[in-house]
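J.: Residue numbers (the numbering used here), protein chains in the order written: chain Y, 342 to 452; chain B, 30 to 143.
Hints were generated in silico from the structure; no laboratory data involved.
As the structure is a prediction and not an experimental result, all values here were calculated from the model.
Beta carbons: idealized from backbone N, C-alpha and C, even for Gly.
Treat the hints with caution; some may be incorrect.
Unchecked claim - DSSO-like cross-link-like pairs, simulated, lysine-lysine; straight-line CA separation at most 30 Å:
#, chain 1, residue 1, chain 2, residue 2
1, B, K40, Y, K344
2, Y, K439, B, K107
3, B, K45, B, K107
4, Y, K439, B, K100
5, Y, K439, B, K40
Said to hold, decoys possible - If we take Cβ atoms under 7 Å as the criterion, some of the chain B residues that face chain Y in the derived model are:
#, residue
6, A31
7, G32
8, P72
9, P90
10, F94
11, S116
12, L120
13, P136
14, G137
Stated by the list, open to error - Covered, in the sense of this in silico footprint (three residues per stretch, anywhere, with C-beta under 8 Å from a C-beta of chain B), are these stretches of chain Y:
#, region
15, 406-419
16, 439-452
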Amino acid sequence: DAKTTQPNSMESNEEEPVHLPCNHSTISGTDYIHWYRQLPSQGPEYVIHGLTSNVNNRMASLAIAEDRKSSTLILHRATLRDAAVYYCILSLLQGAQKLVFGQGTRLTINP
Amino acid sequence: EAGVVQSPRYKIIEKKQPVAFWCNPISGHNTLYWYRQNLGQGPELLIRYENEEAVDDSQLPKDRFSAERLKGVDSTLKIQPAELGDSAVYLCASSHTAVPGTQYFGPGTRLLVL
């Protein structure tokens, strides 16, 4: 499985945008980039996924570098409820549906 | 739509005792996963079911762990006997073939082995 590298922790202020980086230099052409987050005492929650093009949904945006070796999860206006551990995961979308979680980035939001 | 249901939410047992966790996936989801999450770590896959068939159990410690998914709906994960190192959160997730890559997780069962 291709590896991802994320900062251990990040901090931001409420109502400001947050950019969470992820490096995946060994990504293959068939790997999708998934983001999940885990709020305290809850199971992980799907956030967004993409292959090559940038993606937007109601929760966040995903910006994927042209060479696909890195990506950024963007929370446009952080709230206190966005404080969580964010996981960047590479996975074949078809077939195995296997998610290999790393340690993720712990995001702290200051009021 | 109801989410993934797990029970119990918390369990404290003494080492060498058996323990079982139950999971009810989202209705219509044919794929079910069991993960284990140690403190400060990301979840690790233990076993994946496609309907009632275990298609990936390579990470399941088969000497003490067992799982079943009768009728391809509910699932049970069992540990017998439990060891101190089994203390962790056990997460169940489900997904639908039509939306691959999106897994829905339950709240987990927090196990403490004394």
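J.: Compare the structure with each hint and give your call.
T.: Structure-based check of all given hints:
{"no.": "1", "hint": "K40/B to K344/Y", "result": "violated, 33 Å"}
{"no.": "2", "hint": "K439/Y to K107/B", "result": "holds, 22 Å"}
{"no.": "3", "hint": "K45/B to K107/B", "result": "holds, 13 Å"}
{"no.": "4", "hint": "K439/Y to K100/B", "result": "holds, 23 Å"}
{"no.": "5", "hint": "K439/Y to K40/B", "result": "holds, 28 Å"}
{"no.": "6", "hint": "A31", "result": "violated, 14 Å"}
{"no.": "7", "hint": "G32", "result": "violated, 9 Å"}
{"no.": "8", "hint": "P72", "result": "holds, 5 Å"}
{"no.": "9", "hint": "P90", "result": "violated, 18 Å"}
{"no.": "10", "hint": "F94", "result": "violated, 19 Å"}
{"no.": "11", "hint": "S116", "result": "violated, 16 Å"}
{"no.": "12", "hint": "L120", "result": "holds, 5 Å"}
{"no.": "13", "hint": "P136", "result": "holds, 6 Å"}
{"no.": "14", "hint": "G137", "result": "holds, 5 Å"}
{"no.": "15", "hint": "406-419", "result": "violated (count 0)"}
{"no.": "16", "hint": "439-452", "result": "holds (count 7)"}
Comparing the model with each numbered hint stated earlier shows that hints 1, 6, 7, 9, 10, 11, 15 do not hold.
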